[in-house]
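Number of protein chains: 2
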Amino acid sequence: MENIVVVGGDGFCGWPTSLHLSRIGFDVTIVDNLSRRRIDRELGARSLTPIAPIAQRLAAWKEVTGREIGFENIDAAQDYAALVELLQDLQPKAIVHFGEQRAAPYSMRGETEKRYTVDNNINATHNILTAVAALSLDTHVVHLGTMGVYGYGGDGLEIPEGYQQVKVTGDDGQEFEREILYPTNPGSVYHMTKSMDQLMFQFFAKNDGVRITDLHQGIVWGTQTSETKLDERLINRFDYDGDYGTVLNRFLMQAAVGHPLTVHGTGGQTCAFIHIRDTVRCIALAIANPPARGERVVIRNQMAETHRVRDLAALVSSMTGVDMAFVDNPRNEAAENDLRVSNQSFRALGLKPTLLAEGLLEETVDIAEKYVDRYRPSTIPAASIWTKANKPGIVKGVDEVSFPEAA
Amino acid sequence: MENIVVVGGDGFCGWPTSLHLSRIGFDVTIVDNLSRRRIDRELGARSLTPIAPIAQRLAAWKEVTGREIGFENIDAAQDYAALVELLQDLQPKAIVHFGEQRAAPYSMRGETEKRYTVDNNINATHNILTAVAALSLDTHVVHLGTMGVYGYGGDGLEIPEGYQQVKVTGDDGQEFEREILYPTNPGSVYHMTKSMDQLMFQFFAKNDGVRITDLHQGIVWGTQTSETKLDERLINRFDYDGDYGTVLNRFLMQAAVGHPLTVHGTGGQTCAFIHIRDTVRCIALAIANPPARGERVVIRNQMAETHRVRDLAALVSSMTGVDMAFVDNPRNEAAENDLRVSNQSFRALGLKPTLLAEGLLEETVDIAEKYVDRYRPSTIPAASIWTKANKPGIVKGVDEVSFPEAA
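From first to last, the protein sequence lines stand for chains S and L.
Numbering follows the numbering used here, in which position 85 of the first sequence is assigned residue number 85; successive positions increment by one, without gaps.
Just so we're on the same page, the numbering used here is the position in the second sequence counted from 1, plus 1000.
This is chain S alone, in the form it adopts within the complex (with noise of 0.2 angstroms):
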């Protein structure tokens, strides 16, 4: 049997990652420090679907299919001591590092959720390739990377998997090709980390021939997977709050409760989305796909479709029949751009996505309109603002907006 290590295996794309591989036939080990149950509790939030203690969840996963999934509280950026001990015991086939904060908005709320953003995600990526190099492992890293590392320059260019051919002219006036990494424009200090993140991937594929795949994943909408259906216990993460809701999420929940759909600047941001249960299948493809050792980082972008903001309000809206309403924007954004992605990477390996017209009806009516007496309003304005010029009172809308009671 072949050993897996999901690092960040309690979180939202962790969870049912977890379990998805657990039912294809490994032997699953989350490693996890439940950092984002602590923040639901600093921030006030909390998930909109009742997640399990993870011991229930555990208990829960072996009593519906008989299979067990092991657990280990260690903080992959803080206990490298434990975290080397693991791997030299389980020699992973892979581990697959969600081990990262991952929210934009918490990463720019103030001085200390920046530095924890920094201090985590880099150290932990870092004792992850340090461990696995240290110990000589064959282990292939997989690592959940975000499309935000491109920036949206909505330079003319379809956004190519990581990588990107350019012409330089050389001293003696002839141009020659070249292909580098993808130039990154992160947008906050959380996708900054992620940049961080591929250039330690650059150096510990080359140096120590480390097999690495970095996934550049567009916002995930969903909830559910087949996994996650099977017993209530297992239920995934529904994260709606300012810092960690993301935009689809926040009109699902405000359609729920009759609350105009608040969409940011003019809402022409456009981004890439894709299904959570295309996340696992994702995942399950890429470690079914390793670079070979000594290869360069295989970089795949992980998105099914892009949607403007505006467009997605609409769609919400449609289905539900609650207005839009037009707000300032905290962030530091260009008010509209254009965003073509390549996904060929997983689509030749046989990904056929979910799309969003497709699932949206099932995750207004199971989970947003199921779930709708847990909804704590308080949670929802984004307190983030992105720079000092952005303070509230600025921005109009974020602190005006008043959000109404659950039904």
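Think of the hints as simulated: they come from the structure by calculation, not from any bench.
A hint or two may mislead.
[Stated by the list, open to error] Simulated DEER-style distance windows between Cβ atoms: (1) L/Gly1025 / S/Gln165: 17 to 23 angstroms; (2) S/Glu177 / L/Glu1369: 47 to 53 angstroms; (3) S/Ala82 / L/Gln1344: 49 to 55 angstroms; (4) S/Gln88 / L/Ser1378: 31 to 37 angstroms; (5) S/Leu34 / L/Ala1288: 49 to 55 angstroms.
[Stated by the list, open to error] Simulated pairs of lysine to aspartate or glutamate, EDC-like, Cα-Cα distance not exceeding 16 angstroms: (6) S/Lys229 / S/Glu63; (7) S/Lys167 / L/Glu1333; (8) L/Lys1167 / S/Glu177; (9) L/Lys1167 / S/Glu232; (10) S/Lys206 / L/Glu1333; (11) L/Lys1352 / L/Glu1305; (12) S/Lys352 / S/Glu305; (13) S/Lys167 / L/Glu1175; (14) S/Lys167 / S/Glu179; (15) S/Lys167 / L/Glu1177; (16) L/Lys1229 / L/Glu1072; (17) S/Lys62 / S/Glu232; (18) L/Lys1167 / S/Glu175; (19) L/Lys1206 / L/Asp1138; (20) L/Lys1206 / S/Glu333.
Virtual Cβ for every residue (Gly too), placed ideally from N, Cα, C.
Got chain S sorted already, so can you dock chain L onto it with the hints?
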């Protein structure tokens, strides 16, 4: 009077920079946790020159020049609150940031040193940037980067100053020009952290308007500046150990004790050099020429000339009559490389650098020979190996070379 904070102001570049900035009229405060002295103790190494404790250094400076330099024992990577308080208090015109572990071999010794280098360097840089942004200071951050971020690809290009013009083919088949950060190719964990620093500078310049200069410095040689020469208690470090000693210092030390000059591999690696006297001048020039608020990061190559390692050895050999010896290379790098580097930026600001051919005799007589009695032969061999494939026993020479006792 304008305040300047020098983070890492007790180190090899930081100390003479602090004195120079004090002499030309700034109110200098050194922030240092004295980690460089701690690492010396850890390695059983010490500067060939008898460096005085920091309190003595500062007292001597006051005695000799009448000028005061402040000192705060703050770990910029760990003691964020103390750093913020100091910056709030001083509102410095510039922060000169040398606060990073700066030896590539040390960063490759093992897991502990890799992890220390990443944790220290990334958090120090990020804390400084976060503090400047949070306090809304107009402070100019001047960072000591390294030529090592460029890698030594030898792809027929003079290395530009940080940015590169490239041509990209758009989806419509039309080529267009983009300016990008020169794609990095760091050769050690240490160099990797400086590549990662670049991404933080890019983000904080863009998002918070922090004014940043990043100096991509070559290998610094020489020991004394006009300020450190004023009194022996002001003398600067001369490192010759396998971790912190640069290649030139090791040759000078070996020559002083009559030991063959050990050249790694073919000695075909070409490196960029700059004298410590020019380092301090460059920092002063960088401070005098900051980017405007909101402008992109200014990147300047801080180097005077390039030489192949074997040519350096031949130069020292011809000057001292000591032979050369070729040993295996512990690093993962090309045996031979070409390196041409633009330094137009500092040339345009008036820098007229000291070249090796002019300054090497002084280094031999006034430093290596003068202090030869303090030589500790056991510290010369490089203990770091870049990968397991290069482990001792395979790397001939590194373990086998015996070093003579001092004369």
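Quick rundown of the hints versus the structure:
1. In this structure, L/Gly1025 and S/Gln165 break the distance hint of 17 to 23 angstroms, their C-beta atoms being roughly 50 angstroms apart.
2. Between S/Glu177 and L/Glu1369 the C-beta distance comes to about 52 angstroms, which sits within the given range of 47 to 53 angstroms.
3. Between S/Ala82 and L/Gln1344 the Cβ separation comes to about 51 angstroms, which falls inside the hinted range of 49 to 55 angstroms.
4. S/Gln88 and L/Ser1378 have their C-beta atoms about 32 angstroms apart, which keeps the hinted 31 to 37 angstroms range intact.
5. For the hinted restraint 49 to 55 angstroms between S/Leu34 and L/Ala1288, the CB-CB distance of approximately 51 angstroms keeps it satisfied.
6. For the given pair, S/Lys229 sits about 14 angstroms from S/Glu63 by alpha-carbon distance, which is consistent with the 16 angstroms threshold.
7. Between S/Lys167 and L/Glu1333, the direct Cα distance comes to roughly 25 angstroms. Violation of the 16 angstroms bound is thereby established for this hinted pair.
8. Using a Cα cut-off of 16 angstroms, the hinted pair L/Lys1167 and S/Glu177 holds, with the two alpha carbons roughly 9 angstroms apart.
9. Note on L/Lys1167 and S/Glu232: the hinted pairing is violated, with a Cα-Cα distance of about 53 angstroms set against a maximum of 16 angstroms.
10. Distance hint between S/Lys206 and L/Glu1333 is fulfilled; the C-alpha atoms sit about 11 angstroms from each other, no more than 16 angstroms.
11. Simply put, L/Lys1352 and L/Glu1305 have alpha-carbon atoms about 11 angstroms apart, close enough for the 16 angstroms limit, and the pair holds.
12. Straight-line distance between C-alpha atoms of S/Lys352 and S/Glu305 comes to about 11 angstroms, which keeps the hinted pair within the 16 angstroms bound.
13. Proposed proximity of S/Lys167 and L/Glu1175 is supported: the alpha carbons are some 9 angstroms apart, at most 16 angstroms.
14. For the suggested pair S/Lys167 and S/Glu179, the alpha carbons sit about 9 angstroms apart, so the restraint of at most 16 angstroms is met.
15. For the hint pairing S/Lys167 with L/Glu1177, the CA-to-CA distance comes to about 9 angstroms; that is within 16 angstroms, so the pair holds.
16. Annotation: proposed proximity of L/Lys1229 to L/Glu1072 is violated, straight-line Cα distance about 24 angstroms (limit 16 angstroms).
17. Proposed proximity of S/Lys62 and S/Glu232 is supported: the alpha carbons are some 14 angstroms apart, at most 16 angstroms.
18. Distance check on the hinted pair: L/Lys1167 and S/Glu175 sit about 9 angstroms apart at the alpha-carbon level, within 16 angstroms; holds.
19. Of the pairs offered as hints, the one joining L/Lys1206 and L/Asp1138 holds, with about 14 angstroms between alpha carbons and a cut-off of 16 angstroms not exceeded.
20. Taking the CA atoms of L/Lys1206 and S/Glu333, the gap is near 11 angstroms; set against the 16 angstroms cutoff, the hint holds.
Checked against the numbered hints above, the structure breaks hints 1, 7, 9, 16 and satisfies the rest.
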